[in-house]
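Make the full structure from the sequences, and use the hints.
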Amino acid sequence: MKIPLFPEQASTFAPDVDHLYFYLVAVSVFFTILIFASIFFLAIKYRKRAGNDGVPKAVHTGIALEIVWSVIPFGLSMVMFGWGAEIFFRESRPPQNALSIYVVAKQWMWKLEHMEGQREINELHIPVGRPIRLTMTSEDVIHSFYVPAFRTKQDVVPGRYSTTWFTPTQTGKYHLFCAEYCGTKHSGMTGWVYVLSPEDYQDWLSGGKKTGTLAERGEKLFNDLACSNCHKPDNSGRCPTLVNVFGSNVKLVGGTTAKADEAYIRESILRPDAKVVFGYQPLMPTFQGQVTEEDVLELVEYVKSLTPKPLAPAPAADNKAQASNR
Amino acid sequence: MTTPVAQEQENYLTNSYGLKSWLLTKDHKRIALLYMATITLFFFIGGAFATLIRVELLTPQGDLVSSDIYNRLFTMHGIMMIFFFLIPSIPATLGNFLIPMMIGARDLAFPRINLLSWYLLVVGGLFALFAMLAGGVDTGWTFYTPYSTTYSNSWVIATALGIFVAGFSSILTGLNFIVTIHRMRAPGLTWFRLPLFVWAHYATSVIQVLGTPVLAVTILLVFSERVFHIGIFDPALGGDPVLFQHLFWFYSHPAVYIMILPAMGVISELISTFSRKPIFGYHFVAGSSMAIAVFGFLVWGHHLFVSTQSVYAGLVFSFLSYAVAIPSAIKVFNWTATLYKGSISFETPMLYAFGFIGLFTIGGLTGLFVASLGIDVHVTDTYFVVAHFHYIMVGGAIMAFLGGLHFWWPKITGRMYPEGWAKLSAGIVFLGFNGTFFPQFILGYLGMPRRYHVYPAEFQVLHVMSTLGASVLAVGYVMPMVYLVWSWKYGPLAGPNPYQATGLEWKTASPPPLHNFDHLPVVTHEAYDYSALTEEVTSVG
Amino acid sequence: MWVFLITEVMFFGGMFLAYIVYRAAYPDIFALASSSLNVYIGAANTAVLLCSSFTMVLGVRAAQLGQKKALAINIVLTLLLGFVFLGVKAFEWREKFIEHHVPGPSFHFEGVAMQGPAQLFFSLYFAMTGLHALHMVIGAGIMTWLLINAIRGRYSADYMTPVDIGGLYWHFVDIIWIFLFPLFYLIDRHLK
Amino acid sequence: MTQHIDSVKTYAVIWISLLILTGVTTAVAFVDLGPFSVIVALSIAVVKMMLVALFFMHLRHSGKVTQLAMAATVLWLGIMVAFTFADVATRGWMGVPGR
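One line per chain: the protein sequences are C, S, W and D, in this order. The numbering used here applies: residue -12 is where the first sequence begins, and numbers increase by one. The numbering used here applies: residue 275 is where the second sequence begins, and numbers increase by one. The numbering used here applies: residue 137 is where the third sequence begins, and numbers increase by one. The numbering used here applies: residue 22 is where the fourth sequence begins, and numbers increase by one.
No lab work stands behind these hints: they were computed from the structure. Where a beta carbon is used, it is the ideal one built from N, C-alpha and C, also for glycine. Hints are all accurate, no fakes.
If you anchor each label on the Cβ, the simulated ranges turn out as follows: (1) C/Gly266 / D/Val95: 40 to 48 angstroms; (2) C/Gly241 / D/Ser38: 35 to 43 angstroms; (3) C/Glu(-5) / S/Tyr393: 51 to 59 angstroms; (4) W/Ile234 / C/Arg77: 51 to 59 angstroms.
Simulated pairs of lysine-lysine, DSSO-like, Cα-Cα distance not exceeding 27 angstroms: (5) S/Lys300 / S/Lys781; (6) D/Lys30 / W/Lys205; (7) D/Lys30 / W/Lys204; (8) C/Lys238 / C/Lys219; (9) C/Lys32 / S/Lys615; (10) S/Lys615 / C/Lys35; (11) C/Lys44 / S/Lys615; (12) S/Lys697 / C/Lys32; (13) C/Lys98 / C/Lys172; (14) C/Lys262 / C/Lys207; (15) S/Lys781 / C/Lys44; (16) S/Lys781 / C/Lys35; (17) C/Lys262 / C/Lys219; (18) S/Lys697 / S/Lys763; (19) S/Lys697 / C/Lys35.
Which chain D residues face chain S? A few, computed with CB under 7 angstroms, are given here: (20) Trp97; (21) Met101; (22) Thr105; (23) Ala107; (24) Asp108; (25) Thr111; (26) Arg112; (27) Met115; (28) Gly119; (29) Arg120.
Below, the structure written as structure tokens:
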């Protein structure tokens, strides 16, 4: 029987996290051995000898010694802090050219939506070598999106968007877990991430049933919900136009500004009078209860599509981390 | 040991009899024994849940119990062990019994409040037991919203009430200790002559008084959210579930120090006694207890690194978490250094103390892993974290509790425990513990999430190893229970100071008389002054 | 006793934290919701509570001087003022019930699209004033107990610790209200 | 318990000032001071708290330990609020939702 000791590395983060892990293991083993060995050595060397009831002489505290064994561990731990923080910072900043995928978690399944319109449940197909950015929310309780092989985990919280990203480096099939306890079938809220070669990914994208891209579905909703009656492209309606809004800084009533990101658009749909655009009245009704989280995501994607992309997404082919089949 | 005296001196156990004399007692020693009986019961209930969990995890399919039952098992295991066993364990039993004696007082400052604390713990425990028998609770001991407030279909309200009431028990104990240590020290017993056990309990009490009310109010909000639907953490109303986590961990991280600080206090006493030397760096060990109590309050956000807490808050909390590691490291180094040039004997309590240092070192070092932002993203909410906190709370707190229990057993009962059996069980606990929890570090880094009822088959080997270890551990825990009860009646008489230890508690009879001391002692020496002890012994004997 | 008050500070502190977080998140809604509370009743009630603190401190002083009759009278006055406060509070809560401002399924607050945060305001309002009122009730219990013992002549200049402790508790509850009043009643009043 | 008895006059002065401060804070709330409204309201509340604590609760005459303990408690509350705001107030600084 084989005892597994180490998880596979399948994202660009995995080796980074593992290097830090090895550093920590080394430090830990060193101190564990140091402490265990000193205890063994001292306990045996200075064991109570038969017939000796005398009291050993007290050894007085050496301030220098105390300082030494405070400062050295502090120095070592600062390395851990800095190193870990650096990795975390990178994990927190998805690159501009990342492939965007949306995740809606609910008790007890993962729903994943691709820009091209594919929907998946408990399965995620992604191309190797491209940064993937997940924008996630939950319909009920807190879940957590966890792919051990990518060393990445992010809680999925109801009522807000959270973000994570990774670049897979190896094709294959990897565990997807829910890592935040979410109720009865928590341990059943698992799935698979399939990392495909770019060609296989293209095949996968072109196969299967489609109901239009995410933005197209969003546009349909936008018209069905009569949003288009007020939000007109040429700014002639009672409400601000949504063209070129995404990514800009919006001036609000009260003099503040807000960055129009996914969270802002979501909030504007569900809690319209939280942030009212300067020069407009808080007329918009709330759509809370009328739209699902998935609908909101489609609408967000539509609004995003109204702002032309500044950069063309990097083609997958020029990435070094090409399919290394296993 | 001395030959049995024909007439035993009247002591706190024999000065009155009957159930009423126990249930209405104001004697801190009797209350300590009441606590001991209570928490032993809770420990074995919690342990039974743990056993079921480990047996269930033998196979990956989840075929022993349903997922509903499994969720209730780990929730009730956590609640029982943390709120009803670990938090009261050392302070309410050993602390209660020993603090007045160590500072040369006749009782705690508020004996009635002390008794009230015990009743509150019992009432809280009964609520929790009721919830358990009625169908259990399945929120996890962390009660994360909105699952606990809106979605869980179990006995959250009764359990929350139980924890709320038990929280007040903890607050009142802390309050009692603080006032006692401030006001009732014997003449000559200055702050820096206090035993380190007392220092550790002082630091613990500060945490209890400052932290527990925040837990109480948080639990109260969860409670009112379920009962009155007021919805403070409800995301549907624009509420913030992460705010709950902030409030919860503001208490629950320091709560770890409520469990471990008294354990450190016990270990300081043991190491000193069996090396026959004062603790190396007394001031640093005492100061590090206070430092841990203070810094312990500043690090709670390290439970929230992936919770959508802001990155900047994550940086601050990660940094401070490393800061709190330093005082713990200081303690370990000072204990080790105390052995240097000592005269070390290997009685059972010392074996437990060595076990504690070993397990606490591993637990503490793995704490550095989870405090590091980059690694925590991978290992949080996995078995790595489970293993880490069991190393601290079971490996640390329970090893120290058992060590302290053996050490002061002759003081409490007047009898010695059987040394051979006790050494054997100390060894079994140490091996069983490592067997149970070491594989879980590997499981965690492999990515096995915690609170999973079914799991992928490749993890099975390590789970089986862990369960094997757990069965050894269970034997190690049952053994002391049996032989300690046996020794209460049949053990050899111990005499006032069987270990030649310093400390005022050893200057009175075993078991002590009702008011601890026939003449209130006056302290003229520093703590752990063994040469003074030999002088006295020679002059008496 | 002071140690116990530390506990109480942290107890209310948790709620104050929740309040601050949500007020920072939804300042406008909180201002609107606040304006539906009657500021004059609130101010008058604050005054009532401050008067009760005054009579309480006079009671403690009487105990210190061993004036048994003055002690009893001042405790009675404190108790009465405490009941006035609770009565007014009950009246205010009743009004909220009629206006559907009590959190729950029938909650409705006119004039805002965001019912959620408005409900949060009232959730906090009820939780915090409710907890405060509970402390007042406990305080009234302590006062009654002190009164009985005072009439029996238990307290003297040499033994007045219970009066002192009761006084500390009463003042503490007063201090909590001193903060609750501006936080709930006095947000951006000028808007209306 | 240190026996330190203040005169009725002292208490009365404190009591009257408390009532006046209540009036002032209520009146000021109707004046638009922008962000200073909150600051003024809370400052007045703090002053009132200090008056009650120092005079009515005799903190003025209490031992150093008590005074220190109360100050520490207020500080602790400050820590709890400040550190929570270290999270809440800096959310969104990264420009990435949920970070």
